[in-house]
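J.: Please arrange chain B on chain A, whose structure you already have, making use of the hints.
Protein sequence lines correspond, in order, to chains A and B.
So the first sequence is numbered by this note's numbering: it starts at 7 and just counts up by one.
So the second sequence is numbered by this note's numbering: it starts at 174 and just counts up by one.
Honestly, the hints are just simulated from the structure, not real lab data.
Hints may be right or wrong, so weigh each one.
Not close to chain B: a few residues of chain A, all C-beta gaps over 12 Å, as computed [claimed, not checked]:
id, residue
1, Glu-17
2, Glu-20
3, Leu-21
4, Met-25
5, Ser-219
6, Gln-234
7, His-235
8, Asn-236
30 Å max Cα-Cα, derived DSS-like pairs, lysine-lysine [unchecked claim]:
id, chain 1, residue 1, chain 2, residue 2
9, A, Lys-64, B, Lys-318
10, A, Lys-64, A, Lys-84
11, B, Lys-322, A, Lys-61
12, B, Lys-325, B, Lys-664
13, B, Lys-318, A, Lys-61
14, A, Lys-64, A, Lys-49
15, A, Lys-61, B, Lys-651
16, B, Lys-325, A, Lys-84
17, B, Lys-581, B, Lys-570
18, B, Lys-377, B, Lys-325
19, B, Lys-651, B, Lys-329
20, A, Lys-64, B, Lys-325
21, A, Lys-49, B, Lys-253
22, B, Lys-651, A, Lys-71
23, B, Lys-471, B, Lys-545
24, B, Lys-664, A, Lys-84
25, A, Lys-64, B, Lys-664
26, A, Lys-64, B, Lys-329
27, B, Lys-664, A, Lys-61
28, B, Lys-278, A, Lys-49
29, B, Lys-215, B, Lys-254
30, B, Lys-559, B, Lys-439
31, A, Lys-84, B, Lys-377
32, B, Lys-329, A, Lys-61
33, B, Lys-664, A, Lys-71
34, A, Lys-84, A, Lys-61
35, B, Lys-651, A, Lys-64
36, B, Lys-322, B, Lys-278
37, B, Lys-244, B, Lys-278
38, B, Lys-560, B, Lys-545
39, B, Lys-186, B, Lys-213
40, B, Lys-581, B, Lys-664
It should be emphasised that the depicted structure is a prediction, and the values quoted were computed from it without experimental measurement.
Where is the CB? At the ideal position from N, CA and C, for every residue including glycine.
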Amino acid sequence: MIESDLLFMEEDVELELAMDEIMNELIDEVSLGLCFEIHRASKIGTLFISDTDPKSSKELEVVEKPGLDVFGQAPTKKQFECICPNCHRHLAASRFAPHLEKCMGMGRNSSRIASRRIATNSTLKRDSDDSGPDHDDNDNDWTYQTDSKRIKKLKKERSTNSPRRNKFGKFSKNGGDIYNDRDTGTPEPRFDYDDMTLEERKSLLLNTCGVISEHTKKMCTRSMRCPQHNDEQRLLVRKTLLRSLNSLDEDIHVDIDSFDDGENQALRETLQWEASSNSSPADSTSTNNSTSSRKRSSKNNSRSNGAGNNNGSNRKKKKTNNSSSNLYEFS
Amino acid sequence: MSVHGCQHLSAFKAAKGTDPFRIIYSYFIACPSADARRIKAKSCVCHTCRQPTLRLHACMYCIYFGCYGAKHIHEHAKSKKHNLAIDLTYGTVICFSCEDYVYDKDLEDIARSFSQKPSLNLVSEYLKDPFSSWEPSEDELQLLKKNPKRRKVDAKSTVGLRGLINLGNTCFMNCIVQALTHTPILRDFFLADRHTCQMPGESKQCLVCEMARLFQEFYSGICTPHIPYKLLHLVWTNARHLAGYEQQDAHEFLIAALDVLHRHCKGTNGMSCSNPHLCNCIIDQIFTGGLQSDVTCKQCNNVSTTIDPIWDISLDLGPGPPAFSSHSTPSPGGTGFTNSPGNYEPTSLLECLKRFTRPEHLGSSAKIKCGKCHCYQESTKQLTMKKLPVVACFHLKRFEHSTGYHKKISTFVSFPDELDMTPFMSSSRNDNNGFSNQIIQDMPTSLSCDNKYSLFAVVNHCGTIEVGHYTCYIRLHKDQWFKCDDHMITKATITEVLNSEGYLLFYHKQILEYE
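Chain A with its partners taken away, still in its complex shape (with noise of 0.2 Å):
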């Protein structure tokens, strides 16, 4: 037993000589081939070309830090800015996805969203409620020039308590007599910037930025700080859709401390703030403000037939305030 052990180890150790020498050549060879390689790039120069520069390397190190990312940066709440594909407009990354979704017209929500569309119209065109049948259309979009499926509108936005938005409805559903009185018989109603009445436009523009975009030739509905467009743009659009208001305002001179019920001194304080925005006002007031402002604008428009009258006021009291810019001055 244990001498066959033996003599197989002998023939072993034979072997493991010879295995031995094969490997050794085999290493040899190689590694003679690594050393041409080397020597090759050594030659032609481009043994150490790409090695990473030590400056770049050592800017590009990581970081191992708490609160730190590996950059070596602390988050920040730093706001990115992209343009938008659809619409070609600046905006927050950080919306990019909410807008992207209005702008492009889709959401899974959009389906049902067109089909509650159709339902509302149809109840509305049976009942021929007095209403414009797109009064719960609350998007944030109007269109400068005739556009009849541009409005996509999400049933969340209608519960979100924005009073941007809310606003907005009860603007419409307001405007929509007038609408209706003028253009009776349209069965696909129209928010036609250019079939609204001086009075309409005026509160739509004492509260949103209004600026009409040249892509979409949608306005913006923004507020008055709006930090897509300037001041220069909203005096324009203002000027433009504002014009033929002058004739009417010239006239009309309301003392302002004469006039004084409730929803004039609402629309003061409204003004007041806006005027003022440049200096932010604590948040809180801006809410409240707004909220007025809404209910001014939907008594306002009941009441549109009355023409100018708020109006003057309006330029009247700026006149004494001093802190009014004459973006407001409808004139």
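T.: Okay, now just chain B, sitting in the frame of chain A:
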């Protein structure tokens, strides 16, 4: 400093041409046939000392082999003034006047033409175009020297990492983008600029081009977060069902993104148009696996087999289905679960896979027409992997949408760093009469690496089924792990990764076969 050899070699080439090199190379170095190799073995000895040594050199002027180690070739060169010789192992030319090996483009081209002859060895029989690494041309070399700035993925560098801005509930997209941009083979494809756009003139509409740009953004070394708004816009325009501002399922997005990428790759080959299963676009090459489904008739044991292409493997969690008919259910030794209903919840990826590939009894309510018996029979069905994808995506079905209620299953499912898929292959099934894969855990890990996978990305979901947030872990440079939470990227450890909940698991094949 160049591939133009030396003045001595140039003079030699001018006088005698490259034929001496070509002859020596073809007979003693390339040796394309078995006969040539036999001759080489016999004749490759030093003509002075008669020893078959390593580093044997052949004189380029006359027939003389001499060894380098004992300086016999040096002596020959000195005495005969034959100053050029060829190394017989690698075919490099040595110039004794310059006392150095020299590299010449013409000679290298000849050598390359030999190595590209298909009959050289087994590998090139499969590979029509053998791999050769990229080498800068002289102009490129000059440019590279002038511009020393380099971006390289290495252990200590942030190259390849980039935060992604959340565009409003788009963390599901950010996670998938992170996983895709860190898929090694996909990265190599895009960084090598291998995509040719199939939409000439409107490359802005091509999602594959957008991916290519994304890879450039990720590996540029820029530290500020990237804003993937173009990607979102493209995905929305191309996959309408995903569009809309709301929280989405990352898995759904992954499949949709792969589908759009695959569609935009189409036309790369002729086959893809006629047969969708035979596409060779990069997405299909990387992500498509073959799932074999065997339906066995209980009556006659006839097996009908179908193979479906898959992009991911969706694995059930939660309580298992009703017990499999007793006689064919082997009790898995020591794995700690039984197949009885209710109490079987997989706790590891392997268990999930076992459940996935387990023969399933199709009850009397789901009789299938047997092709052999020609009547409806009860049968068993088993899923196995016919073809493994290069990148395997495992989807743990954590979101349960059964009738009436929706809930998230948050049970911990362990998953390994390294995964061997051999037990779940169709070949394993055939070897062992169909049920071998029930006892995989007792098998020693196979030595072969053919079916082994490494984990490289994990997408996690935290929160409830309605509201939640996705984050992901990605691997960079072999073993560096990072956590990506939208724009925030932090270092992570492998333990952290393996202890995370896991929703989508991305594994990469360790060894790629030639096709």
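J.: For the pair we were handed, Lys-651(B) and Lys-71(A), check the Cα-Cα distance against 30 Å.
T.: Holds, because 22 Å separates the two Cα atoms, which is no more than 30 Å.
J.: Checking one constraint from the list: CA of Lys-64(A) to CA of Lys-49(A), max 30 Å. Satisfied?
T.: holds (29 Å)
J.: Going straight from one Cα to the other, do Lys-64(A) and Lys-664(B) come out at no more than 30 Å?
T.: It holds: about 17 Å lies between the C-alpha atoms, which stays within 30 Å.
J.: Per the stated criterion, does the least C-beta distance between Glu-17(A) and chain B lie above 12 Å, as a non-interface residue requires?
T.: With a cut-off of 12 Å, Glu-17(A) remains clear of chain B, as the shortest Cβ separation is near 25 Å.
J.: Given the proposed pairing of Lys-325(B) with Lys-84(A), does the C-alpha separation stay at or below 30 Å?
T.: Satisfied, since the Cα-Cα distance of roughly 28 Å is no more than 30 Å.
J.: Regarding the pair Lys-278(B) and Lys-49(A), is the alpha-carbon distance no greater than 30 Å?
T.: Given pair Lys-278(B), Lys-49(A) holds - Cα atoms ~13 Å apart, limit 30 Å.
J.: Evaluate the condition: distance from the CB of Asn-236(A) to the nearest CB of chain B exceeds 12 Å.
T.: holds (24 Å)
J.: Hinted pair, alpha-carbon criterion (30 Å max): Lys-322(B), Lys-278(B). Please report holds or violated.
T.: holds (28 Å)
J.: Keeping to a limit of 30 Å between CA atoms, is the pair of Lys-664(B) and Lys-84(A) held or broken?
T.: Within the cut-off at roughly 22 Å; holds.
J.: Is it correct that the beta-carbon of Glu-20(A) has no partner in chain B closer than or equal to 12 Å?
T.: About 20 Å separates Glu-20(A) from the closest Cβ of chain B, which puts it past 12 Å; holds.
J.: Within 30 Å, alpha carbon to alpha carbon, are Lys-64(A) and Lys-318(B)?
T.: holds (19 Å)
J.: Hint check: Lys-186(B) vs Lys-213(B), CA-CA at most 30 Å. Holds or violated?
T.: Within the cut-off at roughly 25 Å; holds.
Figure legend: structure checked against the earlier numbered hints; every hint is met.
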